[in-house]
Amino acid sequence: MIRDRSKDIGEYRPASDDDMLICRCEEVTKGEIRRAIHDGMYTLTEIRRYLRVGMGLCQGQTCTRLVKAIIASELGTSPAETKPATARAPMRPVEMKVMAKDTGGSKDE
Amino acid sequence: MNNRADVVIVGAGAIGCSAAYYLAKQKINVIVLEGSDNIGNGGSSRNGGGVRQSGRDPRELPIAMYGIKHIWPNLKEELGMDVEYYQQGNLRLGKSEANLKVLEGLTSRAVACGLDVRMISGKEAREICPYLSDVVMGASWCPTDGHANPLLTTLAFYRKARQLGARFITGEKVKEIRKIKGQARQVVTENNVYEGDKIIIAAGMDSRAILNTVGIDVPMSPVLLETLVTEAVEPMFYQMLGTADADFYGHQSTHGSFVFGITSGFEPFAKAGEPVSSSHAVSLASTGILSYFPVLENLKVVRSWAGWIDDCADHVPVISTVEEVPGLVVACGFSGHGFGISPAAGMLVSELAAGTETTVDISALGYHRFRR
Numbered sequence: 004m005i006r007d008r009s010k011d012i013g014e015y016r017p018a019s020d021d022d023m024l025i026c027r028c029e030e031v032t033k034g035e036i037r038r039a040i041h042d043g044m045y046t047l048t049e050i051r052r053y054l055r056v057g058m059g060l061c062q063g064q065t066c067t068r069l070v071k072a073i074i075a076s077e078l079g080t081s082p083a084e085t086k087p088a089t090a091r092a093p094m095r096p097v098e099m100k101v102m103a104k105d106t107g108g109s110k111d112e
Numbered sequence: 009m010n011n012r013a014d015v016v017i018v019g020a021g022a023i024g025c026s027a028a029y030y031l032a033k034q035k036i037n038v039i040v041l042e043g044s045d046n047i048g049n050g051g052s053s054r055n056g057g058g059v060r061q062s063g064r065d066p067r068e069l070p071i072a073m074y075g076i077k078h079i080w081p082n083l084k085e086e087l088g089m090d091v092e093y094y095q096q097g098n099l100r101l102g103k104s105e106a107n108l109k110v111l112e113g114l115t116s117r118a119v120a121c122g123l124d125v126r127m128i129s130g131k132e133a134r135e136i137c138p139y140l141s142d143v144v145m146g147a148s149w150c151p152t153d154g155h156a157n158p159l160l161t162t163l164a165f166y167r168k169a170r171q172l173g174a175r176f177i178t179g180e181k182v183k184e185i186r187k188i189k190g191q192a193r194q195v196v197t198e199n200n201v202y203e204g205d206k207i208i209i210a211a212g213m214d215s216r217a218i219l220n221t222v223g224i225d226v227p228m229s230p231v232l233l234e235t236l237v238t239e240a241v242e243p244m245f246y247q248m249l250g251t252a253d254a255d256f257y258g259h260q261s262t263h264g265s266f267v268f269g270i271t272s273g274f275e276p277f278a279k280a281g282e283p284v285s286s287s288h289a290v291s292l293a294s295t296g297i298l299s300y301f302p303v304l305e306n307l308k309v310v311r312s313w314a315g316w317i318d319d320c321a322d323h324v325p326v327i328s329t330v331e332e333v334p335g336l337v338v339a340c341g342f343s344g345h346g347f348g349i350s351p352a353a354g355m356l357v358s359e360l361a362a363g364t365e366t367t368v369d370i371s372a373l374g375y376h377r378f379r380r
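Sequences listed follow chains W and V, in order. Throughout the first sequence, residue numbering follows the numbering used here, covering 4 to 112 in sequence. Throughout the second sequence, residue numbering follows the numbering used here, covering 9 to 380 in sequence.
These aren't lab readings, by the way, just hints derived from the structure by calculation. Any given hint could be a false lead.
As the list claims (entries may be wrong) - Pairwise CB distance ranges, derived in the manner of DEER restraints:
id	chain 1	residue 1	chain 2	residue 2	range
1	W	41	V	11	21 to 29 Å
2	V	135	W	18	48 to 56 Å
3	W	83	V	378	39 to 47 Å
4	W	41	V	132	46 to 54 Å
5	W	79	V	220	35 to 43 Å
6	W	12	V	84	22 to 30 Å
7	V	181	W	22	35 to 43 Å
8	W	18	V	378	53 to 61 Å
Unchecked claim - Take a look, some chain W residues computed to stay more than 10 Å from chain V by CB distance:
id	residue
9	15
10	18
11	19
12	33
13	35
14	68
15	73
16	81
17	83
Ideal Cβ placement from N, Cα and C applies to all residues, glycine included.
This is chain V alone, in the form it adopts within the complex:
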């Protein structure tokens, strides 16, 4: 089969699948190469599902705001599949004076960027989510935030892009990018060579080694992310939750189960290789969750899982062309908050590859910021 396309995308995660969709929609020919056997095998299927604007760095906030305004509300119709998107607000909880100071800082920075987010009292937080305990002294409240199902969102972009003619190949581990006449042109895997006018690297943590083959380095390190999933119960609340202490985050899903992210403090020191849940994480998370939600004490944990975060040195992604390597588009280093912006980020990446003006100004996310 022909191994040539207008655009070759490395990585079939949320970003790669979304970029493939936006390109295929414009009848641009795409091949997507995935190193693992499964679509969306990295952080795209291993995250807390937040579709947030609050708590974000001002450099990536405009992407989050664009996506929530223009993409997420219509995604179900656009992709022909329910991605379980809820827009019922984000509560970031505080239970000490120090917590409230942190939340006030985050809130005033987001307000300066034009986001509707404000501080509320513990009483107001309990009016929004009546299951919260009295330890909550206050919270930041962003009513336009929410959450969605990351597994379904990634697969919905894949399914639609595939229907539109994008060619996906799994089990194709990319070894290097080759330049021809100074231009990134070939993608070399263990068994094949693919060729594209543009090459998008959206392979999470693996992007670093691949980019290194053309002398480009994005400073990232792997950080473990761990989550627990409970049994399904009646619908209780559909806000996205976080805390100033970062001791847990999460939400209830359409299915009725709760998905709670865990912070153990050992994330940067996890054993390399396949991400594995640690023995202490579920216990730590349960302690944290029950202090805010004692009402959930009899809820059963059904499973736990882990994934890798591609944590960029300055904790925001690189979404950028590269001056030194024409033809190359980089989209990595999403630093653990990529899922919520993945539909918009994929759209922007498709614009960079198509050479059109980007819908949102992403100049602050350029690769050049690491050039010395």
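Just chain W, same shape as in the assembly:
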């Protein structure tokens, strides 16, 4: 989708619920996310990279929907227009010593 990043979305205005925690793993508030959008971060992926939203232990399984709604509300778009960020392996955190045991092939059989 073509998106001009110079489009005027109005100024960031503080809101009463700006202190609300949205990403619990990385402790990012609604106000920080809203400010990031006004700094030009228009996509879930950019906001992740900018604020670490959804990059903590749960990998965004809790906050993604909330962040999408905030983006839609600030940009005046629909949450359905916001693409999901890429899901990354592993699904749950795994110790390096466990990963290192996978020596491949049939050696251990």
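Use these hints to put chain V onto chain W, whose structure you have.
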């Protein structure tokens, strides 16, 4: 809206965003076109974050040295955003006699270029980074090297350039460059035509097909780059790490997580399309990392990701105007070590586009080297 600018940049990665910043700072009108939906979607957000001089080819070393001396230390103030730059040195580790020979070769070549890098013993390496195991027999040590956060650096250049009036448009996939009266002038996308007095191509691997539309070819091939990210822990060490065996590289971030690059040996043979992490890479990297750092065995891997390297035939970038196509500036083929030089490279690209003398001599990185 007006689709004309003094300079049109194709690619909103670290190079494109940095060039846009330096141009906008001089009040030069810029439009930046990004094919994907996200700023910094290619190698700019998918690299190990090294800000190194050691281990570099002498042709690009002067750019790395300039950036570390004049740009990186002030970047936080200049862009108004913390890019998590650390200058705590680079250790390249060796655990065999053959490794040490490789490191000695790299070191003497860099010293000849005036870089402060030297060989140290395993004991000295452990004094610098006490978590290293006894397998480390020696290392090369460059105290002025370091690392930064590539995601934040790219977005910081974007944010500042945008504040200064550069116009960024994402989701604009460039199909061709058109010449008018022998001069590169128009950038044609699927839906629009943009026009600039100068056109900068900084689109990573995609640069090749775009340049081909004006008969210019930079010999590059895609190479997969894979990385794992761990959970956050207390600060342990902030040196940049590499090895002579190239079995891993990486660093600890401000956040506390470790970012470790992986070498699997299959990088040039990865499946085309979206870069995807392979199933074996994290295991291979963990084996490598734990042999140097057994102390990290209980550290959890939180995620893995992959990206494409635009590997140039001679493994250094093309940063150059093109004699055959006036108006065109090429900046691609950074070959997997572009991030650390991206602020300086963007500055040099802006100078090429503005037609001023370049701050660093980049004649060895010219496109003409591939002309037969």
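How the hints compare with the structure:
no.	hint	result
1	41(W) x 11(V): 21 to 29 Å	holds, 25 Å
2	135(V) x 18(W): 48 to 56 Å	holds, 52 Å
3	83(W) x 378(V): 39 to 47 Å	holds, 46 Å
4	41(W) x 132(V): 46 to 54 Å	holds, 49 Å
5	79(W) x 220(V): 35 to 43 Å	holds, 39 Å
6	12(W) x 84(V): 22 to 30 Å	holds, 26 Å
7	181(V) x 22(W): 35 to 43 Å	holds, 40 Å
8	18(W) x 378(V): 53 to 61 Å	holds, 55 Å
9	15	holds, 13 Å
10	18	holds, 22 Å
11	19	holds, 26 Å
12	33	holds, 20 Å
13	35	holds, 13 Å
14	68	holds, 19 Å
15	73	holds, 17 Å
16	81	holds, 15 Å
17	83	holds, 14 Å
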